[in-house]
Amino acid sequence: MASIADMYLGPFITRLVVIHGGDGSPGAIEKLPGAGPKLKAFWEAFIQRPSWQKVYGAKPF
Amino acid sequence: MWRAIDMCLPPHRSSFSTNRAVYAPRRIPRLMPQRLLSHPRPSRTLIPQTGTHRADLRDDTCEIAIAELMPSEMWFRIIEAINSVPMFNYMLGARTEEELQALLKTPMPARVRTRVEGVNRTLATQIDIGLPKKAVPTLEARKAFLEPFLQVFEAAAVPSANRTVDQQALIKEYFAKSDASFSALLPKQLATLEHEIIGPLALGVLRVFAPCFHLLTHFCIFRRHGVDS
Chain A
292 MASIADMYLG
302 PFITRLVVIH
312 GGDGSPGAIE
322 KLPGAGPKLK
332 AFWEAFIQRP
342 SWQKVYGAKP
352 F
Chain B
11 MWRAIDMCLP
21 PHRSSFSTNR
31 AVYAPRRIPR
41 LMPQRLLSHP
51 RPSRTLIPQT
61 GTHRADLRDD
71 TCEIAIAELM
81 PSEMWFRIIE
91 AINSVPMFNY
101 MLGARTEEEL
111 QALLKTPMPA
121 RVRTRVEGVN
131 RTLATQIDIG
141 LPKKAVPTLE
151 ARKAFLEPFL
161 QVFEAAAVPS
171 ANRTVDQQAL
181 IKEYFAKSDA
191 SFSALLPKQL
201 ATLEHEIIGP
211 LALGVLRVFA
221 PCFHLLTHFC
231 IFRRHGVDS
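Each protein sequence line maps, in turn, to chains A and B.
Everything in the first sequence is counted per the numbering used here, starting at 292 for the first residue and increasing by one.
Everything in the second sequence is counted per the numbering used here, starting at 11 for the first residue and increasing by one.
A portion of the hints provided could be inaccurate.
Said to hold, decoys possible - Capping the alpha-carbon separation at 30 Å, the derived lysine-lysine pairs in BS3-like fashion look like this:
id : chain 1 : residue 1 : chain 2 : residue 2
1  : A       : 322       : B       : 143
2  : B       : 115       : B       : 153
3  : B       : 198       : A       : 322
4  : B       : 198       : A       : 331
5  : B       : 115       : A       : 345
Calculated directly from the structure, the hints in this document are not laboratory data.
Could you build all of it, start to finish, from the sequences and the hints given here?
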């Protein structure tokens, strides 16, 4: 169940991944310096959401 | 005499009397949902200072309830988060020429210019306005902090082909500072997130706790009203 905090974090981390040259794959979060296991789990859970796929699936990667 | 006092009193006091003062109760608008829906007024302080919402700024007071402010603030922040690059220091919010040109389109350069002009005006008239001596170092420090940003924004407004050597050096130094700021702050921010996130999503998975809380709430209500007895 996503909360309003996830709506903040999702675009924020997505932009960070884009800036660091990542893509929409589950392993792209590892390009961020200091990304730990919780952030990796968040990224893997968030990019599977249909809303994320609809907004960021093709762009901005 | 009453006439003179009438003229000095605030407008909530009735001013129709001629011989004596007649006090009318102050009219405080009630925060009713109908009123909020028919007259939605965004709060001046809670609107992000972006170009999108700049036109909505008003000087009048806010008649909106906190219950409505919270979602509106959230939506503003969500829209801003989606459409902006996540930088931590907004004045250092550009690391490339494209990002700097995008930053020039925001109210930030005008705001920096206004602040610098205000500080200069205050320092120039400090004797006339009776500025305390303690405030002078603070204002000078603020001026020293803001002026380089103003110079960078003015240099960035010039087309890149027409920039002087000094302007190019200013912008290059600005990009280096922005990059250093971003690189230094990002691991700290990510470490904070790593600590705060419950996982896998930010507030965890509520599938287990929400029904329990729901049942507990209903149990308490039923016990209070004697339904289950």
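Okay, the hints, checked on the actual structure:
1. A:322 x B:143: violated (51 Å)
2. B:115 x B:153: holds (23 Å)
3. B:198 x A:322: holds (15 Å)
4. B:198 x A:331: Roughly 16 Å separates the two Cα atoms, so the pair holds.
5. B:115 x A:345: Holds, because 28 Å separates the two Cα atoms, which is no more than 30 Å.
When held up to the earlier numbered hints, the structure conflicts with hint 1 and nothing else.
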